[in-house]
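**Q** These are the residues of each chain, in order.
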Amino acid sequence: MSKHAEIRLLDRALLARAAADSVRKLHPRHMVHNPVLFVVEAGAVLATLALLGVGTRGSLSFQLQVVLWLWATVLFANFAEAVAEGRGKAQADALRRTKTDTVARRLVGAAGDEEQVGSTELRRGDRVVVEAGQAIPGDGTVVEGIASVDESAITGESAPVIREAGGDRSAVTGGTKVLSDRIVVEITSEPGSTFLDRMIRLVEGAERQKTPNEIALDILLAGLTIVFLLATVTLRPFALYSGGDVSPTVLVALLVCLIPTTIGGLLSAIGIAGMDRVLRHNVLAMSGRAVEAAGDVNVLLLDKTGTITLGNRQASQLVPAPGVAERDLAELAQLASLADETPEGRSIVVLAKERFGLRGRELRELKARFVPFTARTRMSGLDFEGGRKVRKGAADAVDGFVKAAGGHLPEEVRRDVARIAGEGGTPLVVADGGRVAGTIYLKDVVKGGMRERFDRLRAMGIRTVMITGDNPLTAASIAREAGVDDFLAEAKPEDKLALIRKEQAGGNLVAMTGDGTNDAPALAQADVGMAMNTGTQAAKEAGNMVDLDSNPTKLIEVVEIGKQLLMTRGALTTFSISNDVAKYFAIIPALFVATYPQLEALNVMKLATPESAILSAVVFNALVIVALIPLALRGVSYRPLGAGRILRRNLLIYGVGGLVAPFVGIKLIDLLLVALRLA
Amino acid sequence: MPASAFLEIGVYFLLILALTRPVGVYLRRVFAGERTLLDPVLGPLERLVYRVAGVDPRKEQGWKGYATAILVFSVAGVLGVYAVERLQALLPLDPDRLPAVPPVLAWSTAVSFVTNTNWQAYSGEATMSYLTQMAALALHNFLSAATGIAVAVAVIRGIARAEAKTIGSFWVDLTRATLYVLLPISFVSAVVLMSQGVVQSFAPAAKVTTLSGAAQTIPLGPVASQEAIKELGTNGGGFFNANSSHPYENPSPATNLLEMLLIFAVPAGLTHTLGSMTGKPRHGWAVFWAMSLLFLAGAGVCARAETRGNPIHQALGVDAAAGNMEGKEVRFGPVDTALFATVTTDASCGAVNGMHDSFTPLGGLVPLVNIQLGEVVFGGVGAGLYGIFVFVVLAVFIAGLMVGRTPEYLGKKVEGGEVKLAMLSVLVPTFCILVGSAAAVVSKAGLSSLANAGPHGLSEALYAFTSAAGNNGSAFAGLNANTGFYDVLLALAMFAGRFLVIVPILGMAGSLAAKKRLAESAGTFPVDGPLFTFLLAGVIVVVGALTFFPVLSLGPAVEQLLMAAGRTF
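Chains as they are written, first to last, in our numbering: chain F, 1 to 679; chain U, 1001 to 1569.
With the rest of the complex left out, here is chain F (with noise of 0.2 Å):
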């Protein structure tokens, strides 16, 4: 998690534990869940019966590098897993020591008496009282007051945040602690299976299954391994009938070298760090499966307030009525929204500030009574004393104040406020008692850099549909300004999955995020729902990821981490099956060059001796696997591109150069084990 202490990569501990676990990983029934593992430690066990019993022929000292070069590769494979849980597991322990047993003040009966239980005690549906400097000793919702709430244990940010009763606010976690004031928590979780517990359970990689697409891959893993076992393994009576004859050491070593240890060694360390990823943005996912389907996604609904513009709109012009100037109707807007906390009021005061250079003045030197917005009367404004009322509202009612101190809204106000309200924005009247002084342009502001991102996401082949309780007008309006290829306008919650059920008909993936319960049916609808940590219990129930911070445009990360994801997992393997080609000029030629002297043609390395060649290939085969660890947990670099492009980088890359890269490295090492004197 990125604002807790940050788990370096090589942490010096972390890979201790790791080298301890891969040890203890060797035993079979670990083992057995890698085929291709599982190959290289039966061949390693073989070779080492035949290094310890009889038929040992050639050279002993080749025999015991080959033996050791085997089970490295399998440490390797079984350390590359380790230091990849190793991670989540250090994070676990960090969410365990918040996971304190602490003592709950459970309600009893109607009349509100109070018993002391233990947190794991507590069931679904007990109620319980928490105050300021408690912890919260379950998953709930707030059904009774309103407390600010210090979520940092789960989350990381140290801001507290407000949790109230009813709403979309009203969802607390476990774990978290009250600052201030008192709360009734009515709990939804059974102990055991609370959001830190399957969160504890998630870092650690306990609840770790299959991916659909890890699955299908160790299929093709597994497949390969058995046409290399065919190959080996038909390679001794063809070499009888030849005249030559294959020791099963070597035999092993070649399969070894052949089967795709390198992918089969770093895939499920691939799989955790891909989760790890995720959550170092702070996003729970549910499954990798989650992560996944993210990586699939072309469709992504966002919600336009929050998440493509900011949530409150701003003041960004001054429309004056005719006959007033600018600067009178800045000075009226201002006195106006002078005592107006509202994110719009402050805006107008901001805005009257940088145009005509207007200070903030307190309401006490000017002797006048703030009047607050309310439902009724839909305006805001200043009561002076000496009976002078200036305000700001909606043009309705402003019409209605204005008559009554027996004036009228101009016609040209009138059609300013027409002309305001079709471009998407929204008209406030300013009044200075029965006289009009103009408009305000209050506008929706689309968030910095959202542009860039939606190209992004374009060029990667995914669309962004707005989804807005706005009107067509003003939606269209935004959808331009922020660059999203669609949208939908007055959407009720309903028409959110009706969208969702509708793209999904027509071949489509879908990502959304949500934080109401309102939300939770489209939530669960979608491929990938991510719901917000503030959001209700239902909303994160119903998604496949909560994301900590409850930043809406993070599914884009999500979104990029799935995708890396699996081009690490293709990237690896296609260099895993180019390298074999360098590898059987290595080992081939080795093979029967005592039977073909002319077979020494192949050796297109000119590597010293058979047994050097051999146990090049085998030692570049191991180290390889370590090699490429820090890859497998980065992940390959990801750039939004067309499906096209990055095909043909990736292919360059781990094709081509899965091809040629083992030429050079065998190569390498055969010089160094004969400098060594080694073989």
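I should point out that these hints are in silico values taken from the structure, not numbers from a laboratory.
All the given hints hold, so there is nothing to weed out.
Computed footprint of chain F on chain U, listed as stretches where at least three residues anywhere in the stretch have a Cβ under 8 Å from a Cβ of chain F:
hint, stretch
1, 1529 to 1540
2, 1555 to 1561
Under 7 Å between C-beta atoms, here's a sample of chain U residues computed to sit facing chain F:
hint, residue
3, E1415
4, L1518
5, F1549
6, P1550
7, A1565
Yeah, the Cβ is synthetic: ideal placement off N, Cα and C, and Gly gets one too.
Following the hints, complete the assembly by docking chain U onto the known chain F.
**A** For chain U alone, kept in the frame of chain F given last:
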């Protein structure tokens, strides 16, 4: 390589390129059930077939039903051929009074023809009566070819359809492939071949007195009618033992060209059908060009090796300009023979117009590798397309991950199920080839049939199992295959190589047909254009090369090196 080699290969390839679209469009019309020119003639006949067979042509099958129909039909076919072979002495049309075919040979021949392999462990003119040739063997030349086309069409439907339960009706596809595709083209081609000197006769073998006064028996028979379907159906089983090198089967360079065109016509056309039935013509062409790339590479290598000839012969004073003429017909020469060998093994045809056994080691390596790649370079009728479908799926899966999405093929997700079936259909022939030839070279029964020692002997055994498992049917020769050991093992390899490949492939087709089609976007893996062409060709070569590199290096590769050093086997 002489300029004429480029010219011959180039002209042949351009003709295939020109045939691809018209054949592909015609095939689409036939299998989409659209009207064709031949409807007025064949329509009533087709309906009669359905009525007699009790088939409802509108009733489609799921992949399991389709596969079951194929298996039942093919097993019945094996039994039928076996019966005719065993009873031929009692049946008519046996003017040369040939006895019943021995049981083991009869069984292996029955499997061989029903699996579209046409491996012949016998000499046709001395073993099979005219009735056996026509009613049993030539019949299955049609039916096994039609079965292959049917499977390919079912696969294309599986790709093209979405959320569908069925992939067509085997009975309808079989009937339409036979009536509308194979019969008319064979008929016309047979007439053309006859006009060029291929014999067609029910008379017994001619007894003639040669100019020098010796008595000679010249076998005759209904050859032209069998020759056309032998190539068109990529069957390859010759009427005569000498196959297409016999002047009565393949009298001239002109007939040679026609025969080669017949071999690739339907397989090349099917790539166009794939494109047009799935609505992605560019994908069809990408597959075509991947095949073409491998074809041209193989033909080039083989022709070069054969035109350069054998240094050992040249040291003995043989004219180097003629190339390697050992085992070749003078009327064809090294280029036509090398091209024919490449074509016949790219496709699972197996017809030969020269002795592959007598090729230079490198020249002989090409046919061997072609078959080991899975005969997906145009390939057998239907078999080539459904074979390359497996590689397309594998290429899409491996490379598809690299674009950062769940791999998808034309809108269908490629998942564990498809990968499993694809690997299975790769593993079955691999197993048959490697284990079979390994068994052959270490057992007395296997070794006793080899005519040569050393790496050349290994090539012979390897070629036999490769040809059988790949349903090619061509022989490296030099191997006496009519022994209990080879008859039984090769027949098993043929059966597995055909049906244990078809069934998983139909499973993939059924699974794809049932899937939802995903929308296309800029993030979708592209299956057209040069990049995909090279990727597909690369995957085919890498998978094939990695599997067979060790054994090939002990066979033809080392033999080529030894030949350069002056040793021969």
